[in-house]
Each structure stands twice: as structure tokens, then as C-alpha cells.
Amino acid sequence: EAQVTQNPRYLITVTGKKLTVTCSQNMNHEYMSWYRQDPGLGLRQIYYSMNVEVTDKGDVPEGYKVSRKEKRNFPLILESPSPNQTSLYFCASSQQGYGELFFGEGSRLTVL
Amino acid sequence: AQKITQTQPGMFVQEKEAVTLDCTYDTSDPSYGLFWYKQPSSGEMIFLIYQGSYDQQNATEGRYSLNFQKARKSANLVISASQLGDSAMYFCAMRESGYGQNFVFGPGTRLSVLP
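Protein chains in written order, with the numbering used here: chain A, 1 to 112; chain B, 1 to 115.
In isolation and in its complexed conformation, chain A is listed as follows:
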């Protein structure tokens, strides 16, 4: 089954404790992206990647890191999480240049 898998789905952590949200897709997609969603603010793009080793900042990259060492994986790293990073996070992937965006189920992160 074609899918984008994110883990963890739910996480409560504390300020400053590094965490990684993994994202993996099995559709051989070149394009991958991370979004955060907060009430009233819609979807805001954090980082995106057009291909392996190619990443670019989105609208709200501060406090986040990403890497794209393999085509299927695009982890989101919070080096020192802060409460303002409490949010619902989505990973998504797509063919390069065409086709819809496939979303993961979302990861709800709470930083205390």
C-alpha cells in the first residue's frame, strides 16, 4: 500500500530535549516536505526537499533541521524543542513536478 509513515504519532516532551520525527515513503517520490499546523494558521511549510541531498527552507524553518540522505526518508529534527513548537506536524511526498501530495497521518507534539 502506498503510504507516508510518520513516527511518533503522539509525543510529549520537555524543553531542550532533542527529538526526531521520522518520515518514510514507499512510493519512490523525489519531493518531500514538512508542515506544521496550528489553530487558525493553516499549514505552514517548514522544510522541503526536491531530491536526495537537496533541501530548502520553507516559511517557518527556525528551530528545525532536516536531512535527506535517502530518497525514502526525510526526518525532522528539533535540536532544542521549545513550547512554541507544540503543534501538529505533517510529512508529505509527491512525484517531482506533477501529481498530488501524499500526507502522513500527522504527529502531534507537545513541548512542556
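It should be emphasised that the hints constitute simulated quantities derived from the structure, not laboratory data. From the three backbone atoms N, C-alpha and C, an ideal C-beta is built for every residue, glycine too. There are no misleading hints in this set.
Estimated spans, in silico, between C-beta atoms of each pair:
| hint | chain 1 | residue 1 | chain 2 | residue 2 | range |
| --- | --- | --- | --- | --- | --- |
| 1 | A | Glu-62 | B | Ser-41 | 24 to 32 angstroms |
| 2 | A | Met-27 | B | Pro-115 | 35 to 43 angstroms |
| 3 | A | Glu-1 | B | Asn-102 | 20 to 28 angstroms |
| 4 | A | Glu-1 | B | Glu-17 | 31 to 39 angstroms |
Dock chain B against the given chain A, drawing on the hints supplied.
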């Protein structure tokens, strides 16, 4: 720069009636794709419908249709015979065609279907 506008933060519709959710976009590229996604209260993002800029006919998928008016740069989603399960957040998105193009999302419209 690409931009998507959804001017209706919230809408109400009576069950079994049709509803139109507005979306306007801005691009200078002649080749692009337009997408609609649904996000129910459970949180997942569900792809609904796609329209290519060169498609001659409006896209349809079951009860969903896309009213594409290229000259006006609008891509409104029409939901016919609304159901209670249609209550959700709806996002319009666009991507210009070709290598290296990013997706752009609108702010969304919250639709509430009344019994």
C-alpha cells in the same frame, strides 16, 4: 510568487444541499496544477480532486467537482448533496509544473454541515 486565497474562513450548509468553497490563485506560469484537500476533525489530510491548467474540462470526483475558471484564476470546489461527514477543513493548493516546484496552500475553509 505563487499565492492561494480562500476568502471564507467558515461556512455553513444544510444537509443535502450543494455548497461552493472559493479558491483564487496567483501565478505567472501557464502550466500548473490545482488541488483540494479535506481535513476532518480526526486530523488526516485527504486528497479530493485535481485540476491541471491545460485540462479542457472541469474535474469531477463523485460528489466533488472543481469549477475552474482560468481567466479569473479561480478553482472553486463544489460539493453536491452535502452530508454530515463533509464537515471538515478544506484546503486549496497549487503547484506549478516542472522540476523544482513547491506546493502552496491556502489558509483553508471550515465547512459545517447542519442536519
